[in-house]
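K.L.:
This is what each chain is made of:
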Amino acid sequence: MLWYIGRRLLQVIPVFLGATLLLYGLVFLRPGDPVAALGGERGLSPAAELAIREAYHLDQPFFMQYLYFLKGVFTFDMGVTFTGRPVVDVIAQAFPVTFQLALMAIVIETVFGIGFGLYAGIRKGKLFDSTVLLWSLLLISLPTFVIGFVMQAVVGVQLGWLPITAGRDPDFISLLMPAIVLATTSFAYILRLTRTSVVENITADFVRTARAKGLPRGKVMTRHVLRNSLIPVVTFIGIDLGNLMAGSIVTEGIFNINGVGGTLYQAIVRGENVTVVSLSTVLVVVYIFANLLVDVFYAVLDPRIRYA
Amino acid sequence: MSTTITLTDGTTEEAPVPVEKHDDTTPLLEIKDLKISFTTATGTVEAVRGVDLTVYPGQSVAIVGESGSGKSTTAHAIIDLLPGTGKVTGGSISFGGRELVGLGRKQVEDLRGREIGLVPQDPMSNLNPVWRIGAQIDEALVANGFQGGKAERTARVAELLSEAGLPDAERRARQFPHEFSGGMRQRALIAIGLASRPKLLIADEPTSALDVTVQKKILDHLDGLTAELGTAVLFITHDLGLAAERAEHLVVMYKGRVVESGPALQILKDPQHEYTKRLVSSAPSLASRRIQSAHERGQESDDLLAEHADEAETTAPDVVVAKDLTKVFTIRGSRPGSHTNFTAVDGIDFTLPKGHTLALVGESGSGKSTAANMVLGLLEPTSGTVMFDGKDVMKMSAKEQFALRRRVQPVFQNPYGSLDPTYSIFRSIEEPLVLHKVGDRKAREARVRELLDMVSLPQATMRRFPNELSGGQRQRIAIARALALKPEVLVLDEAVSALDVLVQAQILTLLNDLQAELGLSFLFITHDLAVVRQIADLVAVMKDGSIVEHATTDEVFDNPQQEYTRDLLAAIPGASLEIGG
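Protein chains in written order, with the numbering used here: chain A, 1435 to 1742; chain B, 1006 to 1586.
Not one of these hints is a red herring.
If you want a taste of the chain A side facing chain B, the calculated C-beta under 8 angstroms gives, among others:
1. T1637
2. A1638
3. F1640
4. R1642
5. T1643
6. R1645
7. K1647
8. L1649
9. R1657
10. H1658
11. R1661
12. P1737
13. R1738
No lab work stands behind these hints: they were computed from the structure.
Heads up, the beta-carbon is just placed ideally off N, CA and C, and yes, glycines get one too.
Chain B extracted, bound-state conformation:
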């Protein structure tokens, strides 16, 4: 048996491939030379330019690629759910021997749900907020010809929900989506996707919006369920580690083309295409940036590790010290006058040594962002202190606090939301300088140019607007703005979480270099342990408002003391895979 590898230049070559398991030799889904384009005001944009893909019955295939690679577009084209002006302009999609391109509306509606199910990406926005969970599963049953009355359907809905791993399903079915957590909603969406026992399930980034431990649980469950039902799964993901762990066969897409395809492990171990090589080497779950970027600067990794360990333990003075930091929020109850207290941060202690990176790690709701906001002085602690350079931040006068803002600067998660769309890049970066009355106009312009150089963007960028830039470029702008006042500490709140892996790797390298050049200290807030390994010297693991483990990065990764930390580490996608080089 052999697999065809399509290269970017359009040529193909036969590559010998280890045997993959699929008993059936007739493909369930066969996509040939698929082309999709979108019509925009400025002309036609080709999103997918000749994709070939085959899924056999019961097989799991993953399409991997960064945003804009055309992976979701390809998947949506299968069930005719292309957004807006998207149109299939060439090629064929055949499902069970039937051509799907050009099928009438009724025929596609019959196919959806019954033959091909979809588990969409974002559990927060994919359930209709005004209908009960049960009703949203029930309508899928009705639409796909479920035989039986109201009572049978209700029973079936509960069955499907508990099958998707939701306890207490009967009561849950009567609740609304806003009463569900993200993980629970994703389980409900899985129940919808599998409600009518489709032969193929398209899972479009099914867990990218969830915490790692939840992600692992749900994917494990989905794996078991589809294996049991014999459902073929087409995974769409940006995470190479996750793809390799969950699928037998990988298809790597880049700029609308399939650049490489083959058995998962083979691609990871021996990537052929240039892009795949880059993807493998920068996948956060598979490599350690700390050591790697040191290599780039010509240092031996051992030296660096030793140097960091020394510094962390001895020389560097602590620039930020949090002592017994607590934040209690009061939540208004349903009756007048009643209220409950919610302790978001519960007496935590941590120290950030000068010139180092401390990562606050935890899942959503662990209190890490609340802690960061208190360090930034944006939230007042209920009790406890934040000392900056030996001074209590809360006891400072308004003037001192204003001065403090120059020395502690934030970079937030969403580079789309944190830049004012009506400000030019120049104005965005200049604004902190104006507020703090730094220099005259000429000096400020020179500083903006210097900052753009620092974050490796062309100086001409300053005349552009945020909507003209990519996510990675915007995050560079946000970093440049944070650096404008020459701060000593940067608080990076999920600063790379919204970015594609390759861009993420670039930003992390940039941060690393800036730290070395400017002697910055980073407080790095993240849910992603894989990223922590690449950037942090020290790690504080947070759970339910408390710090459960606080040690150097190597200690946490090599010898975790707490059960919870071990769970977190085990849940990193691809953590179990042994990949050389």
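Isolated chain A (complex conformation):
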């Protein structure tokens, strides 16, 4: 196992280099000149422009620029934004709130997805099962912003139960609605995945053996059906963790949250290449580690999997 984790950590290096090079290249190829954009309508004096180009190594060839960027990443000095804020500060400000949001969404979708899925699977073909299947299909087909606006209108405005937007430094309560909206699609997927898995396992031979032992029904369901059904679900949750970190752009927009999604979107619109590449780089690392975590957790859940 330690060998496996070690080897996976070594694999992080080429993935990291490849991903950042690709990102950097794509941003480099973007049309438009950020320095010219900085000058606005009036334009910069040639001397100032030259000074800026030199300061940001923009006069160097592409590959040298990439190396300067790497150096910045490893010394936590990723430069400053157009407004003069260090990029590291931007990252430090954007990530905690996104992380909290993602974590809340994960908890919500896992608890409810697995719970509903298990119950639906046990009562396959009954009213609860068909109702839940239909609703989950509906949730999967609805775009996030529809769910978001409907929630805001109903739960926020009409019922007044939860705040409509989160704003700066949001607390748990104000993040609750965005977290629910963020969780809906994945909740539906987890529910369906759990249900299918439970339906499959419930007829497995070892479940019959467990019942033949005289185990009470509850124990059969938790120890033999649910435990085995969680294996594919965990894979999904792990991949989803990466998605939630990055893919909350729409939700963050609706609820006015200054998270990774929002910041990244703003940076792309403004052409702040350094910020875009830096944020994406952090996301790449998050993704890689989320996957590693899933693989390790997988081996814990399923003893047949031995990494060698």
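The hints should help you fit chain B onto chain A, whose structure is shown.
P.N.:
Same frame as chain A, now just chain B:
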């Protein structure tokens, strides 16, 4: 004393019966007129239609029947474990004077494990892969009210495992099922079944998935254990020889009904019902097909034996010759760069004479299938050669190899897996003809019809799909497909192992007849020595990658030279029984 024999037409007759030993006159389990049906999309299917069965304390009773006869359904109904939509629709099951039909969930849960234990069929799928063996026995103890703390339970688990015949039980209890072999898993399942000392143990085909020598060891052990504990055993099996050897009383089921029941030996020696007679005559462990089907073709068995012996030794040219055939697999180790070599086939030699059958016999892991795959050209030998008609298969050009495929065709074990479920039967059989560009569409259709005739299936079958056919019919299709290109050699890899005895007998007869008609040579891979006797002229016994004995079938059966061959022969269920006719 007398036993009631229920016939298919529902009438019963009293038959005098020799005394059976059971001291207690109150039955432990009494099933009366049990009816079970399943609800399907097309209506209700009656799986069990009025079964009567009695088990006395400490007695061993076997239910014998082919798949679909309702034997497992009957057994599962006792402890309310019917699958899916199965429901008891009539009759009664009484256990120790208590009615079990209609019992509440809690009451059934109390009964399971504590009063009635189950040893299930397939050791590979009946243990939960994510829990340690010890934990799976431990939970049975907890559920059935074992008095004592964690430490006592752990000690008890080890005790139960070693009682089931597993050495080094304490360490084994901490392992996971995938670290166990099939035989070891079956022992763990026996430990679970007997953990709470039930009065009745239902053993549902407890060893059908295991090698014969392992099967014998485990059944011997189970026999001793249940005798010692005074546990009554209800065996469910498709193997008449095994049933007769292991149980005092037999109940033969056919299509949901009990067609015959009585003391084991009496049924074998003097079967009354038509179905039982067929079952007895085609039980592979009890008869020899080679001689029997010759009888059907009007030949004297002596002549045939002489003829075969002559041919095998002299005239026929060898169509396949394997010389010093070796296959080494490299297994990646736990550390980077480390690996171990596993020699699956270790320098074996064998010859297959034209028009004859060579059986490669061995237990799982003996390398027989690897050898077959090398003959088929599906695996490249590490060293050694396979000569086909005097030509080295590995030195052939790609074109020659493609041509070779026409002359050597495989039939695999699992007729459910080897046919594409989305292909119609016609398309499945036609496919090799299309690949080898044989004839036009019309000619190919004529050939498919001819092939279906050859394997005794109606021509209308070609418009159907695999899921509409039975296992035996599918295996006929697989044979028809193999014969499509008019091959000279068929490699039959466990081709009849998944089939019921009666179907197995039919397929073996079919193969026999096809061999006589078309002059085919068979390389027959099997773990079942009983089948070998019925089909093979020559036998090569494999063990751990080597051939330990290679001789004619009669020599191997009548005068085995090797200890291992003798063990294999002794392990055939029913081998020790003397049955006339």
